[in-house]
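So the protein lines, in turn, are chains A and B. Each residue of the first sequence is one higher than the one before, counting from 1 in full-length UniProt numbering. Each residue of the second sequence is one higher than the one before, counting from 1 in full-length UniProt numbering.
Calculated from the structure, these hints are not laboratory results. Any given hint might turn out to be false.
[Stated by the list, open to error] No farther apart than 25 Å at their CA atoms in a straight line, the calculated lysine-lysine pairs in the PhoX-like style are these: (1) A:125 x A:323; (2) B:226 x A:125; (3) A:418 x A:407; (4) B:226 x A:323.
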Amino acid sequence: MSRVSALAHLEAMEAMEAMPLTRFRHRHLSDRPLVVIPLTMAGEAGTPLAVLVGESRRSSTLLVVGQPRNRDQRFAFAAEFGRIVMGYIDSCRQDRLEIPSRGEERRSRYTSAPQILVPNNGGIKALSDLGRMCRFRRTDGPYPVPAVVPELGKWLTFLVETAEQAGTSMLLPMTGLLGEHWATGQSALEDQNLASLMAWISPPDGLTVQEAMADAENPELCPPAGPATSPQFDNTYLAPAMRRFDTARATGNEQALAEAQADLRGLLSEQLNPTWRLMWTALALLRGVDEAPRAAARFERDCDSFTDYSDYQDSGDARPQPKRDGAIRAARRLSRLERALADFEADMAFDDPYVRADQRSLGEAFAGTVVAAEPDRVDITASNRRVPRPRVTVRTLDPVRLVDDTKLISPTMPPGHKAEIVSIVRDGDASLIMVEVTGGMGRARVPRPGTVPVVEQHIDYLPDPGWRPTPVFPEADQIPWTHAGDPEDSETMDPVAAGQAATEEWGDDN
Amino acid sequence: MIATPDQRLDALRGPAPRMHHNARTLAALENNPRCMLRAVLDASGSDKAAIAAHTGYQAPFGQSSFALARGNVFETMVKANGCAELLRVLRETLQLTLPEVGYQDLNDVGGDGRAESRHARTTHLLTAAARGHGSDTLYDHPMLRLVVGGHPVFLEPDLVAFRVDDRFHVVEIKSFPIVDDQAAPAQVRAATTHACAYIIALRAMLAASGIGPESVSDTIVLIAPKDFTNRPTGAFVDARKQVATLTRQLERIQRIGDLVELLPEGLTFDLAADDTGRPQRPAQELAEALDQVPATYYPECLNHCEMAFYCRSRARADGSLDVLGSAVREQLGGVDTVTMALGLARGTLTPNDDQVEMAVALRHAARLRVELHNSPGAAGAAS
Ligand code: SF4
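Can you make the complete structure from the sequences, with help from the hints?
What follows is the structure, given as structure tokens:
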């Protein structure tokens with residue numbers, strides 16, 4: 001948060017409508033995302049109650065667990081949901097593109113990657129719990145399950161892990177996507193409610209933002225977007241319906257069972273449908289925002305990691321992700337997440353003047369007008385070569401806090417432009433920053449036209465995030481670390497423990 | 001005649017039965033200790049949920065019968081057969097050496113379920129145990145007392161205190177799971193807050209008999225379902241920091257007696273319920289009474305206090321920056337309202353001496369926003 005973003009929230013509060021926080025949408029959006037709205041049962045940790053899932057607004061599939069406390073019903077649900085998710089993932093594994101290989105690295109990758117959209121962070125947590133519950137299941141031995149159940153578990157776990165990494169787009173919460181682009185006049189806490197957030201961005205026809213906000217917090221008008229259902233709904237409707245279902249099942253009355261099932265489905269689809277419509281409306285709004293230029297490259301990295309994981313699954317000895325990271329895996333993960341965040345922030349700042357404005361108000365970047373230039377300046381290198389080293393002075397009103405010798409890049413100059421701060425001199429409210437252009441001028445002795453800023457030109461500079469070496473971690477064994485545990489994650493290696501994990505209970509069994 | 005604080009508090013509540021502190025009011029203590037409205041409503045035992053509902057701002061809370069049932073089933077199971085499962089976890093999972101186990105049910109005293117009697121019995125037994133008399137190890141549902149703002153409140157924890165290494169330990173039985181040795185931090189924190197209140201109350205009780213604070217451990221034993229099963233597992237939670245924080249906050253809470261002195265004579269939150277319990281007091285009048293007491297709203301109130309929707313509407317009407325939450329608030333130190341912040345940003349208001357620097361920064365930020373709005377391809381407002 002910077003003062004510029006804070007102001008956006010104030011403007012929204014004053015105008016009573018959402019205000020843009022960014023120029024672009026920084027996440028790639030798939031043409032064919034899979035929208036998933038999971039519901040879980042109150043009090044039963046991560047126990048699925050229902051899910052509404054589908055690839056288009058008009059075709060959704062509702063899956064319901066009649067009695068979530070019952071093991072068989074839960075696994076039947078997991079298998080059905082697994083078939084839908086795996087069908088979707090398979091549809092992303094149709095085309096592979098050869099890529100020019102540098103060295104021994106990958107030779108081809110899938111041209112697309114899955115994109116699962118859930119309403120909020122709670123939705124991700126629900127999928128994470130489901131992944132954890134399913135990935136250790138066995139297809140043989142006690143309590144066997146269909147093969148698709150552990151497969152679903154592993155894929156959900158993979159997707160949830162990617163979601164922790166900044167800039168990825170394979171599993172995203174809708175509230176997060178909207179909140180990256182729009183500022184509302186309410187708190188971050190309230191922004192986690194999809195209906196409240198949408199009230200600011202696009203209130204339903206005929207409603208003011210105030211009215212839409214009030215409705216959004218009324219569970220009778222706007223059922224929660226999950227994964228928790230509203231307590232009133234649980235007590236008034238769901239509990240009695242579930243009791244009828246249990247009774248019908250116990251007495252073996254086929255017709256009563258069918259009716260009770262239909263009742264439950266009716267109730268749950270009423271709870272889920274408003275959020276379903278909201279998800280697709282939100283998606284349409286986001287599609288109306290231009291995608292940031294660098295989102296495409298990030299999407300390719302998504303395709304890479306999707307291909308990697310997919311190939312690992314095909315390799316035959318695919319194991320479930322360990323329950324907990326060992327030290328090496330944890331250190332790698334942390335390092336990967338930190339890099340991803342730094343890269344994502346640098347990308348966004350380069351692409352987006354709004355994000356740069358944030359950095360400018362914090363003094364971490366600047367923009368201004370060139371007031372003086374020495375375009376013909378040259379330096380003599382250590383090897384006695386004359387190289388062009390033009391200097392220009394930029395006058396800016398930004399509260400610059402960068403220091404001399406900071407390496408700079410510029411999104412408003414041709415690609416490859418590099419510069420360094422020579423000096424910063426205060427001039428009343430303004431600062432005069434002298435920079436030396438060090439790169440992006442071509443190989444000739446005179447800079448290529450247009451590669452050196454000229455007087456009166458407006459220019460943006462930000463620190464060069466630079467190239468950072470990939471940290472080296474001890475190699476534990478041959479298994480690619482992205483897919484398997486370190487030996488110290490004994491859980492995955494020890495057959496006894498693995499066996500226990502497979503037969504572990506899941507709630508009570510009644 | 002000058003009314004005593006207790007009389008004033010009773011008058012604030014009116015004839016309705018007194019509400020007791022519960023998990024949520026304790027959490028609010030930790031989260032918003034300075035809110036005078038909440039302090040006064042809680043101390044007077046007023047029914048915040050009913051008050052909020054009557055003003056038209058129904059509290060955003062409710063509990064699912066599923067969660068309730070699950071919580072009860074789990075607690076019952078842990079405590080069944082003389083706490084057999086609990087003992088298994090303490091011995092096997094937490095590797096505690098327990099001597100012979102004696103179990104003491106403090107739920108009622110020979111059919112007397114009154115808080116005072118139960119508290120007296122709890123005090124008697126636990127003090128004796130601390131002195132080395134008695135052979136009990138587990139105390140089911142002891143009744144404790146905590147002094148909040150100079151006013152005693154009974155805490156009826158559904159927990160068990162037990163004696164290990166000559167110390168009492170507070171045991172919290174919760175039905176959220178510990179999955180792969182990890183539990184949701186927010187839930188652990190909330191559970192710890194409750195346990196801290198119990199630790200403080202327990203220490204105060206023993207202190208009255210000259211027994212030092214070291215007799216109560218500030219490590220909590222958390223008992224919760226293991227992974228996605230119904231089997232309990234346990235974990236130690238170090239509550240030292242939270243005990244210190246809560247102690248400090250309890251000390252800092254203004255004495256309720258002093259607070260009520262500041263309130264206008266004759267102020268009451270009485271709902272004037274008729275025979276059927278339906279409130280008859282005009283809602284407008286009730287709102288005016290509430291508005292006499294300063295509140296310090298911030299968005300987290302939505303998770304902790306029944307009055308949250310009411311206070312939020314008040315904060316919104318005032319254009320208070322508190323409605324935006326701390327992330328935005330931190331950028332605008334010393335400025336309280338939207339009107340003032342935007343006035344400074346647009347140069348239509350003159351900053352006072354403390355706001356000069358902030359005003360410069362805001363004007364700069366506002367210039368950047370204008371630049372962005374006017375730039376080609378500017379992101380349009382949503383529609
Ligand atoms: S909701 Fe209102 S009464 Fe409750 S703590 Fe917040 S400000 Fe105080």
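Checked hints:
no.: 1; hint: A:125 x A:323; in the structure: holds, 15 Å
no.: 2; hint: B:226 x A:125; in the structure: holds, 18 Å
no.: 3; hint: A:418 x A:407; in the structure: holds, 7 Å
no.: 4; hint: B:226 x A:323; in the structure: holds, 13 Å
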